[in-house]
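Residue strings, one per chain:
2 protein chains.
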Amino acid sequence: MDHTLKAVDEELAALARDVAELGALAVSQLKDALRAFAQRDAELGREVAARDERLDALDAAVERNAIRFIALRQPMADDLRRPITAMKTAMNLERCGDLAKNIAKRVGKMAEAPGQAQAEAIADLGRLVAERLEAVMTAYAARDASGALEVWARDEEVDALHDRVFAEILACMSRDAGQARVCTHLMFIAKNLERIGDHATNVAEMVHYQITGHDLSGRPKL
Amino acid sequence: MDHTLKAVDEELAALARDVAELGALAVSQLKDALRAFAQRDAELGREVAARDERLDALDAAVERNAIRFIALRQPMADDLRRPITAMKTAMNLERCGDLAKNIAKRVGKMAEAPGQAQAEAIADLGRLVAERLEAVMTAYAARDASGALEVWARDEEVDALHDRVFAEILACMSRDAGQARVCTHLMFIAKNLERIGDHATNVAEMVHYQITGHDLSGRPKL
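First to last, the protein sequences are chains A and B. The numbering of the first sequence is this note's numbering, which starts it at 19 and goes up by one. The numbering of the second sequence is this note's numbering, which starts it at 19 and goes up by one.
Warning: the hint list may mix true and false statements.
Since the list gives no way to pick out one identical chain from another, each pair is judged satisfied if it fits inside one copy or across any two copies.
Within a straight-line C-alpha distance of at most 30 Å, the following computed DSBU-like cross-link-like pairs (lysine-lysine) qualify [said to hold, decoys possible]: (1) K127 with K49; (2) K123 with K24; (3) K127 with K24; (4) K24 with K209; (5) K24 with K49; (6) K49 with K209; (7) K209 with K127; (8) K209 with K123.
Think of the hints as simulated: they come from the structure by calculation, not from any bench. None of these values were measured; they are calculated from a predicted model.
Produce the complete structure using the sequences and hints provided.
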């Protein structure tokens, strides 16, 4: 392998490593935010929020290195897919981190405890979403197109569970106006979890596209 | 001017035109969504939602052309800023379009009319946010760094008004549990407007960065 090809390979591998690290951080931020919520642990919530900077910095590094790679190496067609999907995957993972941070910050703001049924509904949705995010990052690391396709195809399970959780919270709110404040936090937490699920679906599309060149989304791509 | 320089200039101008068009569309989608909300016009809401595809397509075109420009022209430093900010500005504007679409779709789902005080609070917030988005696109078109700086510096006005609107809706919900459903729609509409305001702030940072090379956000950039 000549010198330039080796450098190109090393740069792409470094990008993939950073994206994988960002993905692992996003998963652990989400799990810790959910633990902070379940245990009403405001201190852990603050720790999660404080750790978000690391995800922002990694996302910025991936973007910088991907753009530098494109400008210096002038890759065409297939070879262009890898830096671009790295950049867009990082962006989606960074957004997952923001949403986990928002959940974590709400823990400290919830003066009253949520009802048990509502808290369990959130926990169920959280588990499903965390499992999806983890599965898509496993597919990313293994360059496993069918693993990515599976996460993508099961997109609607998160939406369906979100809708059930939302109905549960709305019913609680409609029964008891005194629960309006705490239920509002629960609704935004549920919405944030649904949005993390959407980002996992986006990442699944990108992983699949990077490996196969086939676009699942039907959206115009490169 | 030699042939290549002229082509580079034309490509950058075409990118800027597409971004400006996307910005104009995002502003008009937001205004129409707000009009649909104010007039409880579900048909207009559906039209806004249907028009969102055009924004997605323009965003995809800007991204494709920016990446192609970087790969073919290998711009360095200052010249790299323009395609990158075009791409990121387009992404933020496309997200504004999604949020306007979400507002528009809620109009058809609100079975009951919101209270007058709450509807007016949303209208006020909407007007402020639309004005900011319009101002930042004017600064973009005029390459006006101080105009962008002004939008950026007044970021907190949107957040402060959002918090007042939110308190108003929460109070209504806490008084009357029967309002839970309609007030939940209002809360998500208010949150969507706040997020459009955040995107306008992001665009202001990018416009300022593109013109001056100075980063307002304190985040790591190129």
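Evaluation of the provided hints:
1. K127 with K49: within (19 Å within a copy, 33 Å between copies)
2. K123 with K24: Intra 44 Å, inter 51 Å, cutoff 30 Å: neither.
3. K127 with K24: Neither way: K127 and K24 sit 51 Å apart in one copy and 56 Å across, limit 30 Å.
4. K24 with K209: The answer is neither: 44 Å in one copy and 48 Å across copies each exceed 30 Å.
5. K24 with K49: So K24 and K49 fail the 30 Å test inside a copy (37 Å) and across (52 Å) alike.
6. K49 with K209: both (16 Å within a copy, 24 Å between copies)
7. K209 with K127: both (17 Å within a copy, 17 Å between copies)
8. K209 with K123: Intra 15 Å, inter 16 Å, cutoff 30 Å: intra and inter.
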